[in-house]
Every structure is written in C-alpha cells, then in structure tokens.
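Protein chains in written order, with numbering that gives the first Met the number 0: chain A, 0 to 523; chain B, 0 to 1029.
Hints are computed from structural coordinates only; laboratory data are not their basis. Just so it is clear, the structure is predicted and the values come from calculations on it, not from any experiment. Note that CB positions come from ideal geometry on N, CA and C, so glycine has one too. Hints are supplied without guarantee of correctness; some may be wrong.
[Said to hold, decoys possible] Here are the simulated EDC-like pairs of lysine to aspartate or glutamate, each with C-alpha atoms no more than 20 Å apart in a straight line:
id, chain 1, residue 1, chain 2, residue 2
1, B, K792, B, D861
2, B, K915, B, E843
3, A, K21, B, E573
4, B, K458, B, E573
5, A, K21, B, D609
6, A, K21, B, E505
7, A, K21, B, D535
8, B, K847, B, E806
9, B, K847, A, D90
10, B, K104, B, D140
11, B, K847, A, D92
12, B, K454, B, E573
[Unchecked claim] One side of the interface only, derived from the structure: several residues of chain B facing chain A at Cβ under 8 Å:
id, residue
13, R490
14, T766
15, D769
[To be verified] Beyond 12 Å from chain B on every Cβ pair, some chain A residues (computed):
id, residue
16, V53
17, N141
18, K147
19, L183
20, D193
21, T270
22, S340
23, R439
24, A448
25, G483
26, R490
27, P495
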Amino acid sequence: MRIATFVRGFGLVALMAATGCKSLDITNPNDPDGERALSDPEALESFVGGASQVWFNTFVGTEGGGPLVNQAQTYTSAWNNSNMLFYGALDLDGTRNTRSWQNDPNAAARSSIEWYWEGYYRSLGLSNLVLRAIRVEGKQVNNPEDTKRAETYAELLRGLSLTGLAINYDKAYVLNENSDLGTLEFVHRTVVRDSALATYDRVIALANANNFTTPPGWANGPVYSNEEIAQIANTAAAYTIANFPRDSVEAISTDWARVVSYASNGMSSGTPVDFIINADGNAWWSDMLYWFNGIDGGRVHTRVANMLDPATQTTPYPDGGNPQPNSPDRRLGDGSFGNASMVAGFGTVPRTVNGGSDFCWSSQEIFDPARGTYLQSNICHMRYDQTGVQGPTGAYGGRGPTYMFSRHQNDLLWAEGLLRQPAGNLSTAATLINNTRVTRGGLPAASGAETRTALLQKWSYEMELEVLGLGAASYYHRRRAGGGLIVGTPREMPVPAKELGVFGLPLYTWGGTGPANSPATPTP
Amino acid sequence: MARSWTRVARMAARALGAVALFSGAALAQNVVFTGKVTSAGQPLGGASVGIVELGVGGTTQVDGSYTFTVVIGQNANRGVTLRVRAIGYTPKQAAVTLTPGRVEKDFDLTRDVLNLDQVVVTGVGDATSTRKTAFSVGVVDATAIKEAPASSPLGALAGRVAGASVVTVTGQPGAAPAIRLRASTSLTGRSDPLIIIDGTISRLSLADINTEDVERMEVIKGAAASSLYGSDAANGVVQIFTKRGSQLAEGQTIFTFRNEYGQSWLPNRVKGNQAHEFQLLPDGDFARDANGTRIPEFDRIADNPYPVYHDQMGQVFRPGEFMTNYVSVGQRRGSTNYNISFHNSRETGVLGVLDGFSRQNFRMNIDQSLTDNLTFQAGAFYGRSASDDGEFTGMFFGLRFLEPNVDLLAPNADGSPFNALVNQPPNSGNVENPLYRLANAPVSRDRDRFNGTFKVTYKPLSWLTAEGNVNYEQSGQMYKSFTPRGFLNSRGAKGGGSLFQQSTVERAGNFGGTLTATKEFEWFTNTTKLAYVFEDQSMNRVSASAARLGVARVPEFSAATLDAGEVVPGSRTETIRNQNIFAITTFDILDRYIVDGLVRQDASSLFGADTRRATYSRMSAAYRLSEDLPLPGIDEFKLRASYGTAGLRPTFDAQYEIFRLVSGNVSPLTLGNSELKPAFSKETEVGFNINFLRDFTLEYSYSDKVTSDQILQVPVSAATMFTNRWVNAGTLAGKTHELALGAVLLSNADRFWRINLTLDQTRQEITALDGVQPFYGGPDATTAIFRVAPGEKFGVIYGSRWIRTPEQLAATLASGRLTGVAGDYRVNEEGYYVRNSQWRTRDEVPLKAYNEDGTSVVQIGDVNPDFNLALNSTFQWKGLSVNALLTMVKGGDIYNLTRQWPFNERRDPVMDQRNKPVDERKPVSYYQVFYDGINANDYFVEDGSYVRLRELAINWQLPKSWVQKAKMFNLDNARLGIVGRNLWTSTDYSGYDPDVTGTSGLQGNPFTYRVDYFTYPQYRTFTFMLELGF
C-alpha cells in the first residue's frame, strides 16, 4: 500500500516537474528587441529601411500636413479627419481666433502636433542607431561599400528628420549617435536647422567619396546612386533654409546665397533626378495624396483654382459652385478627366484632348457648405492619380510613386535664391521658372527682363502649382514667410503636451489672435 | 505485456478471494446502513448519506431509500456521525456507534429555501458551508437561472450577486458581456474576473458556453477572498460548475428536452431630424443649383418638411428569431454518474438582413469511483458557433446620418436590392445605407471550441486527499471580411474591393496537484491544503489582407491583385507560462470561530525577467456570534473579516522592448521593462450575515480595495524614439458597500414566494500616479475624455461647457475670450447665453465657457452610478411559477457620441423647429456649434439611470395526470412557459439603450469609458418555452 502510494505520488511529482521545468523565459517571437535586431550587422539595412519608412510616413502624413495645407489655403477639406476641419475653419470674423494648436492632453486635435514630433524622432533615432553601430561600435554591413552606403543614407535620413523638426517646431532636441538621453536639452530651432545643414554637408561628402546604389527596400522600389544622393542632399539643404523662416523678417535675413549654392548642385543639376518613394497603400502610406489626389477627399482651394482660371473659378466659392473651367494653363485645361464610368460617382467630365495634366473639375460638392464655403472648390488635384490602376473607377488609393522632392522644386528653390538676393541673376531665374511654366503649363515664357517683382509673381505661381502633392506642406512654409496666411494662423508648433508631460513642464501653445486659448489640463 | 497479464491474473485471484471472504465471515465484521430520506413526507432521491469520519456513504434512490456498508475493521464500537445532505435542503445528522449488523435510520429534511446551507469551494481550502466562510461568496445555482437562461452565463450574474456589475459591450448576438466585481482594479484596462469552468482556468470567450449546462456559479469579488488564485485574481473569481448527474438519485435516469422559440426586436428607436432648411419647389421637391446641390434657405432654419418620409429604422431593424433547443441525459448508477447534453441556439438579432449568431454545443461529464478511495472525473465539451457581424462594419455610424426621405429598400440602378446612393448633397459621405452594406459586404466569425477536463481524487487515508487535474481548452476562430469589387459608396462610386481573413488558434491548459489534510481534534478541525498549478497558454494567428480585388463576387484571395503592398500576410504567436504554488490552512474552532490563512507564490513569463515571482497572502476570520450569544429572533449571526492580496498580470507584449517589423523594416515602438510586475491589489472585507425570523437573510459587506503598481502604458520622451513604455505606477482605491436581503414571504405545500434584493454602491478614487503625468483615457483617441490624475475620482468626464450661468459668463469675459460686458449677452430660449446682437438671427450661436485663466476643460460628468439595485422574485403556486428580475441603476453619466457626431450634418431631432413659435426657431448652424469638432462638451453628457425588467418567466407545470395521458415514451413531466428578456426599460437616456459602453472593438475599461459609440444596441426578446422530462 505504502509503495503504491509512493509510486503514484512520485509519478505525480515527476509529471509536475516535467512540465514545471518549462522555462518562463519566453522570447517575444513577433517583434525583436534592439539587441536581437542589431545582433546581425546585415540587419542594419533593415534599420535604414525602417528609418526611411518612418520618415516617409511622417513626411506625407495627413495628421500633420492636413491642417497645414488647409491653414495655407492650398488644399482644402471640410472633413475633420486628421483635424483638417478643426484647424482649417475660420471664425466669423475671418480669423483663426480659436484655432491655436490644441496642445492639451484632453483635446482631440492634439494629435496633429504629435505627428511630426514623434515621427521625426523615430526616424532620427533609427538613423542614430545605425550610425552608432557603424561609427562607434565599428560594425560592418556586408562589406565596406555597403557599410558606407548605409552610413550615407542614415545621415540623409537624420538630416531630413532634423529638417522636419526645425521647420515645424519652435524648439527641439538635437541628437546624434553619441547623444546621452539622460541629459536632454531643448535648443532653439535655428540650432536644429544648422545641425540639419551640417548633416547634409556630411551626406554630400560621403556620397561624393563613395560609389554605391541604394537597395530597393529603402525607397520601396526606386534606387539611387551615390551621385543622386548628393543631389538630393543638396536640394534638401536648400529646402531647409528656404522653408525655415516664420515670417517676412526672418525671410529677409535668410542666407539665400547658400540656397543657391545648394540648389545649383541639387536635383535639377547635372543629370536631373526626382526623389521618389513608392507608396504601397499599406506600410508605405501616401496619406496626403490619398486625401488630396482623390476627387472625394480634398480639393484645391479656390484661391489656387482662381489662379489657374480666373474667368471661371471665382473665389471665394460661390453658392452652387464654379462651372467647368477653360484654363490657359495646360495643367488644368478644360478640367475633363477619366471616362464615362466616373461621371455618376465623381461628377467629372470625361477626358477630352484639352484635359489637364494635373487638375480636373468635379460638379460635386463633397461636403456641406454650411461648414464654410471657403472649404469648397470644384477643382481636384489629380497629378499623381493612379485611376484605372488602383480600382475600377476609384481615385488615388494612397499608393504609387510619391515625390518627396522634385527636380522642378529644386529649380524653383534655386530661382527663389536668385530672386531674393539683390544681385541675383534674373535671367537664370527666368530660365528655371520656365522649366515648368512653359514646359508643363504651356504659358508664355518669362524673359528675365521683367522686374524682380514680376518674376517673383511668376515664381510664386509656379511654386503654388508645382509643390502641390510634394511631401506635406511646402506652400504652408512658404506662405508664412511670404505672407498670405490668415490672421491667427500659428506659424509653428509647440513641443507637444505629451513630451512636456514626461518632464512635468508647463503647457504652452502658438497661434490664435486672442489670449492664450489652448485649454490646458487642470493642475493635479 | 506478459507482466501485465500476470498482474491481471493476480488481481482476479484477489477479487475472487475477497468475494469468498465477503460471503463468509465478512458479514459479521460489517455494518450495513439503510433507511429512507424524505422531505415533507415525499421521498427525496439524490440525497447523500454518509459517515463523515470515514468518508464512506451512499446516495438515495428515487424512492428515498439508501443503503451502504461499512467495514468495521479497527473501528468497532466507535461513535461516528451519520450525515445526510441534499442540495436545497438543510442537512441532518445522527450519532451512531459502529457495531456489526444493520443500522436503519430515516431522515426527513426541510427545504433550505434561503440557501443557508450551501456548500462552496471557491476561495476556500476545502468544501465549506456558507455558514462558515470568512468572506462573501456569491452563489447562483441552476434554479435561479434556468427559467430565463441568458446567452452567456455571466449575464446571469446581473442582479443576482451584490457588487457584480454587468454591462453590455455590444448587443451583437452571441457577444459576452463585461463583468466588474466591486471596484475597478485597473486605470486603463478591463476588470473582468478570472473565470474557471470545471477546473479549467479559462482564457477564452464565455460566449461559447450555454447557460443551460450550468449547475452552479460561485463568485468571490476581490483579493480578500481570491488570494488563493494569485496574480490573476485581483478582479475576483467566477467559478462555473456544469451538470454532472451527481445530484440524481441512485439508479435514476433523467432526460430533459427544453425548447424556446420567439422573437427579438429593438425596443427603442433613435430619432433623426425630420425637417430641413433647404428651399423647396412648388411641387414639394428640393430646389437645386446647377450641380444638383440643394440650396439652403437664408434663415437656415430646419422647419421644412421632406417631400416624402420613409420609416428607415423600421427598414433596418426587423424582428428577429430567437430559438434554443436543449437536450440532456443524466444518470446515476452505482459508482458512475454522468450527464450528456446538446444545445442548439440561433439568435438573429434585430438586423433583418443578417443571420446573426448560431451555436451548437455538446458536453459530456462523467464521474467514476474506481475504488472506495479512488475516483475520477472527466469532461469533454465541443462547441461551434457562427455569426455574421453587423457591429464592426460601421453601419451604425452611417445609419445616424440618413435623411428621412431616403428609401433604403429601393433598388440600385442595376436592379440589385438596397439603394446605395443615399448621399444628398450638400451632406457628406458619412451617410450609408446599412442594408446595402450588410447585404453586400459580409463579415463572418466562425469558432470551434473544445474543452477537456480530467481529475483524479485519491484518499490514501481517511484524513488525507490527493487530487491531480489536467484541464485543456482550445479555440479556433476564423474571421473574414469581404467587400466586393464594385461596392458602391453613398455617391455611387465603385470601389476596388478588399478581403481580410484571420485564423486564430488559442490553447490554454492547466494542470496541478493538491494534497488536502483534514483532521478533527478535540476542540477544533484543521484543513490544510498544499497545491501546485501549472498554466500553459498559447495563441497563434495567421492573417492575410488584400487591398484590391481583380474580379467581382469572388470572396477568396485568388481574386486579389498582387501589386506591391496590396496583399499583406501577417502572423503572431504568444506563449504564456505560469507556475504557482500555495498553501492554505483553516481552523474551525468549536464550530464557531473560523480562522484561515494562505500564502501563494506565482512565477510567470508575463512578469519582467528581473521580477519573475510574486507572493500573495490572506488572513481571514469569522465568528458565529449567535452560537455564543443567542438573540431572540436571530437564527444565525456571523461576523467576518478578511484581508488578502492578489494581482493582475501584464499583457504578453508589455515587458518587451519592441521594434516593430513593417514589411521587413524596423520601427521602434515600446521601450522594454524587465522589472515589470503584476499590479498589486489588497482588499479588506468586513461584513456580517444575519438569518432571522426563520425566513429572512441579510448579508452586508464592506470592501476597501486598493490596487497599486498599476500596469500603465505611459508616454516616453520622443527622444528615445520609442512611443511608450509599460510601467508599474499609480494606485486606484475603491470602496464598496453591498447589501443582500433574502426573504421567503410564502412557503407552504401549494405556495412559495421568495424575493432577493441586492444593493451596492462603489466609490473609486485615483490616489497616486507615482510620477506619471495626469492623462486622459478613453475607448479611442477621439474620446480620451476620462481624466486620470491623483486625487481625482475614477470615471469622470472632462470637456468644455456652454455658458448657461452669469458666473460662467463673467469668467469668460474675464478671460478675454469674449469681449464687451455682461449686458451684451442674454439667455436664449434654450437656456444658453448668446450675443444680444445675434439673438433670434441666423447668426445666433451658443458660447463656450472659459475659466478666467483662458482654459475651458473642466469636469462635465461622472460615470459612476449612485447605486445599483436589483429585485429578484420567485413565486410558485402549484404548477405555476413566476420569476422576475428587476434591475435599477441610479445615476452615472454617459457621453453620447452617437448623438454628437451627426450634429455636424443636422441629423438630431432637436434641430426640427416646426413645433416652435416662429420667432424662437434657431438655425441649424446654431446647433452645429455643439458638434465642436467632436471635442467633449456638456451638451452630450446624459444621465444613464434606468430601471429595467430584465427577466420575466411564467411557467406552468402540467398536471401529472395530463402528462401521463399523453402516453408518449416515458414522459414524466411537461412545462409550458413564456420568457421575456429586457421586456421593459424606463430611462431618460436618449440613445438606444442606457446599458452601453464604448469599447466594442475599441480599448479600455468598459465601466469607466462609458461612451455611446455607434454600437449594436441591446434588444428585447419574447419567447415561448416547452420543457419535457422523461
């Protein structure tokens, strides 16, 4: 009896021991930690790809850019997705009295301030991880050439991330591969800008000193040679300087000669190149184009539509809307688009030989004018549309080639640098403007003999049209320096409440014409 | 093999020897107990009769007789206790002396109509009478829930257990409700209790379990009782026992066939605006501009009728079918008892286009005694269910934007049903014909579930019991969502289609062993248990999605186009292991002082690598005061107090540093925390139980629950490149008062009437955040309106107010947010301050209230009810029985987002101005201001109080003589009845139903984040019931 009891008891204990010995140390199989992900130096390429992907999704994310384009009255949308309506709406007096950045943990619209902040620091952090592995820890990716390639592209992404912070926030942290996160310190945005420029200089030096072609994974398809990376870095540097000023005073003191210096070596120099990342509608999400190259998502503001065809596209938006256009600019033409199957769903007119390359017309009002007729327009931006590729009759689905910077944009940055300098070469500026004005728009050429002011007007027209759909909000950044933003529109973003909260710092905000009007969280 | 045969032969020889021995001298060494057990003169089958000290006994047959034999051995002339027990009856016992021969003893038991002698096993070391528990244990047995069985057993706790709150996460047929016992333990997550089904620590949906199979549920409500279950039990424990046939009479076979059939329908419709502000033509149609857009009138007042009206709510919500069939066979014979059941149900819900939810369950439980001291119990369950969802397709959103002139039943241009083109410019594309979506974009969820249980009980000694158990459950779920190519949006544009499919397999097993020693000493009895529990849990998920389909009407991935990024595969694996040991000892001193203590240590893979173990303990005591101090009219008076600790485990991902992989690229997400530990909950419970005047019981409990080391996902500096990190921080305190009153108002041979009343009140406060900045929680980012800050009540809504008082106006003027002086403003007809200059003009708008410092966000609501009350009544008169459950929630606010969102498109009935004096009519733009960009404001905070007749069942037991005349098989009894669920609700809440929470498909704490968020509403059912017994 006792033996049997012992045997049974032993069996039970053995069973428990067998299962109980299964380890409690379970590795997360779904997502790696940093140590695991970095254990293979070749995986550093995935970190570069990750930094690129994060930067792309941040750069073209509507959460950040949607409000900016509405504030700039470039694109317009009465949808409140991504807080576009909230920040795009005007008060009865035509100002944005109550539209300061809602920098409060309780405000639904706080997400627009967090978008760039978190996204750019993610891409910055990933870039710094790669640079630390290579420069501090001496890791090598496949071979010396691939290691230099990763180092160069990581530097480029670091520069692009710093640019995003410098042109959008009043202050930020500057971080590199040696930064101690225990001693974080906010620095003025000029310091952030200068750090970005120094980074681009290193990219240019690295790209010029090495031979490589980037792997397809870093831009989700397109590949770039080291020469092209140098051109892109030059354009990005010019973009950073030109888009930095918050107002006309800062614009005057901008180093436009340095803009010319960078732009003349940029993407339209030598063998021109466009910086394209391919969106796939999933991991690489072209959010701005999804909204604003879609007929039923957002429209071109009537301010811009009016520039394209003053005769038919009146601004402000009239009751009942504007009729089909007949623009001298080939980018709009008669506004026809698509085929007959789109008429019922999208209110378009089937394409004729006079259909435009960039814009089309729709009879549909996509939202209630009661939200503000200034949020309406009949003109849609369809330059990057993939109709027919992406659905039976559907408009842009957030996928396809997405331009980060274009060669034409570089021309216009270059031209601006010349036009803003007292002794800038107007003839060269006119040639650069004509690259789109004539070639794409079919408009009479600028001769270079015009006054600087007249040329600036032509430049401004081109800039309005050509930067639409590039990245987030180029024209917002231009209008805050060049004038045109509605009174009360914030000129930059505060450090998000979420970040301030981590360190227990007081909340603050920018924008609005009244007193401080961001509802602050009650003091605990 | 040879050895086995040898062993069998040896055993056979022993058996033969034993028979020989028995037939000879054995009779002289045994004592045979026989007798009859009755109640009110009627035989009582299924009663258990036995000798406590020796652990032997038998079960009465249908005629109440029993017999069992005791081998006297060394117990000759020993005085022992012969005890008889039956569920629902007060036990009796008699002293007998063991002498060879025959002992005949009859017992007549009285009905325990107040359930004073229930035996519970949850939270205690061994089976214990509720008279002797040192903490509150709620018991809901089959008699309480069989008349109106809920789809999910947890639903049956509502109104039956004081302190148990039940909310409907979604009214979707087949969905399980959320449960909270007493105060919440988590600042951001759910507080559902640990569920144990027949010993299986269940990690899977209770929606798979049918209530008809439930024999009994035991509920312990917090750490003061649930310490025994360790790091996953701070929310309390609900233990479910299914039917096993163990309560049948010896030799009895019982066959039950129960059917319910009826209908369900939506009791309350949400109205829309029946008027508009657009210009009309003489023929009553809309005037339109050249683009076909309707033209608003200058005054913007919605006081014009629509050309035609359609009953859209009636078109969408149709009475649905509710049906259950339940068959069970139970038998007890000798050393074996079993119960086998089959359950079939179908609930179509209230969306006429959908099939709803159907489920088929098969369960088999068997108990077998192998020898006097070795028994095993086994059980198997298999269930499968299928549902088509109306919940997650967003149809309840689009429905709220419909204008009343749209005919949802009109055909499309191609003749297909349910007109998709319901957008009427200038309104937005938010509008949608729900019927078109439901009919053309199916969403299905099919699930298989298996559960197996095995338990061996071995008593090597009369005072020692060893148990071993193995429990395993598995679920496989297939979710599929298909939108065909060519699917029309509300403007008629065709989409490219999409397909998503996800297969999830979950497994959870626990096995363990216990040693229980029960020793009686001269003046006390001690029960001590040592136990080991191992839990192993896994989840594997594989999914694929296609963003575009190449052909129409092919709902498989063969139709997917394969451009980059358009077909995305996914997979996920989670493995969780826990090793737990505990010891519990209980002293029952002189039958009146009960003291128990326990200690438990859990080791879990969910804890950070540097904090793998956590220890919990409990001390509790009860004093049966009435045993020492008899009081007139008091039958039993027990004081009790208990203090215990328990935990809440982190989720699988929480401890890890996570670099998310997206298309093979790396993106940082969560900072790891190797020191993450379970939240630590400590609870003190004190209370008393009084049974008085024979027919009344009163139970009161006070719970003081404090849960520290909350598991919070907190933001980290963006400089780290990570978004957040899980940390232990914050303390949530809750105090709960519970009262349960039971009364038997009538009890005689023909009539019986019992009522139970439960009342509870909970107050919760956040006492610390440990360095984490105050934040706002909510079901999603849009509704993060519930403030979490030290010193704050838990469950308060923050947002803006509209100026309604002179003080608010003065503060707003002082802030500079309004200009001028108070005299420039006035109160309008609706009680809001407006500008004098705008009053009764098309520009009139309400004004937002600001504090003097320019801030506007203040507390605007509190979701916590003042109290919950329930009244449960059971009345029987001869063959007629009436069971009713009335529940009441007093107070507690709801944030009605379902109402707020459509304000932007003038869809709320408040905008219909037709019945107002002309000069008091407001433009739609006045009301649209309240929309406020979906920011929270006090216009949409509503009182969620309600009184509800939750269950009503009227049954009639046909007279035996009628039944026997039927001569149908061996038909023994038959019952007919009607059953109503959610039959009547009284509330001022303007939404579909006040029992609402915003977490359907979303995140967070359903009891705290009470946001009405376009969810499937609760519905009413009314059915006829037929039950046959053989």
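Taking the hints in turn, this is what the structure says about them:
1. The straight-line distance between the Cα atoms of K792/B and D861/B is roughly 8 Å, inside the 20 Å bound, and the hint therefore holds.
2. With a C-alpha separation of about 16 Å, the suggested pair K915/B and E843/B falls inside the 20 Å cut-off, and the hint holds.
3. Between the alpha carbons of K21/A and E573/B the distance comes to roughly 15 Å, so the proposed pair stays at or under 20 Å and holds.
4. For the proposed pair K458/B and E573/B, the alpha carbon gap of about 39 Å is over 20 Å, so the pair is violated.
5. At most 20 Å may separate the alpha-carbon atoms for a hinted pair to count; K21/A and D609/B meet this at roughly 18 Å.
6. About 19 Å separates the Cα atoms of K21/A and E505/B, which keeps this hinted pair within 20 Å; it holds.
7. With a CA separation close to 9 Å, the supplied pair K21/A and D535/B stays within the 20 Å bound.
8. Note on K847/B and E806/B: the hinted pairing holds, with a Cα-Cα distance of about 13 Å set against a maximum of 20 Å.
9. Between K847/B and D90/A the CA atoms are separated by roughly 13 Å; this keeps the pair inside 20 Å, and the hint holds.
10. Restraint check: the Cα-Cα separation between K104/B and D140/B comes to about 30 Å, which exceeds 20 Å; the hinted pair is violated.
11. Taking the CA atoms of K847/B and D92/A, the gap is near 17 Å; set against the 20 Å cutoff, the hint holds.
12. As the CA atoms of K454/B and E573/B are separated by approximately 27 Å, the hinted pair breaks the 20 Å bound.
13. Hint status for R490/B: holds, given a least beta-carbon distance of 5 Å to chain A, under 8 Å.
14. For T766/B, the shortest C-beta to C-beta distance to chain A is roughly 12 Å, which exceeds 8 Å, and the interface hint is violated.
15. Among the interface hints, the one on D769/B is violated; its C-beta lies about 12 Å from the nearest C-beta in chain A, farther than the 8 Å criterion.
16. Distance check on V53/A: its Cβ comes as close as 5 Å (rounded) to a Cβ of chain B, failing to clear the 12 Å threshold; non-interface status is violated.
17. Non-interface call for N141/A relative to chain B: holds, since the shortest CB-CB distance, roughly 16 Å, exceeds 12 Å.
18. For K147/A, the shortest C-beta to C-beta distance to chain B comes to about 20 Å, beyond the 12 Å cut-off, and the non-interface label holds.
19. For L183/A, the requirement that its beta carbon stay farther than 12 Å from each beta carbon of chain B is not met, with the minimum near 5 Å.
20. Interface exclusion of D193/A from chain B stands, the closest Cβ pair being 19 Å apart, more than 12 Å.
21. Distance check for T270/A against chain B: the nearest CB is about 26 Å away, which clears 12 Å, and the non-interface claim stands.
22. A cut-off of 12 Å between C-beta atoms contradicts the statement that S340/A is not in contact with chain B; the least separation is 8 Å.
23. No Cβ of chain B approaches the Cβ of R439/A within 12 Å, the least distance being about 28 Å, so the stated non-interface status holds.
24. The non-interface label for A448/A is consistent with chain B: the shortest C-beta to C-beta separation is roughly 44 Å, beyond 12 Å.
25. Consistency note on G483/A: stated as away from chain B, and its beta-carbon is indeed over 12 Å from all of that chain's, at 25 Å minimum.
26. Residue placement check: R490/A keeps its beta carbon more than 12 Å from all beta carbons of chain B (closest about 20 Å).
27. Residue-level check failed: P495/A sits 8 Å from the nearest beta carbon of chain B, not beyond 12 Å.
Of the numbered hints listed earlier, those contradicted by the structure are 4, 10, 12, 14, 15, 16, 19, 22 and 27.
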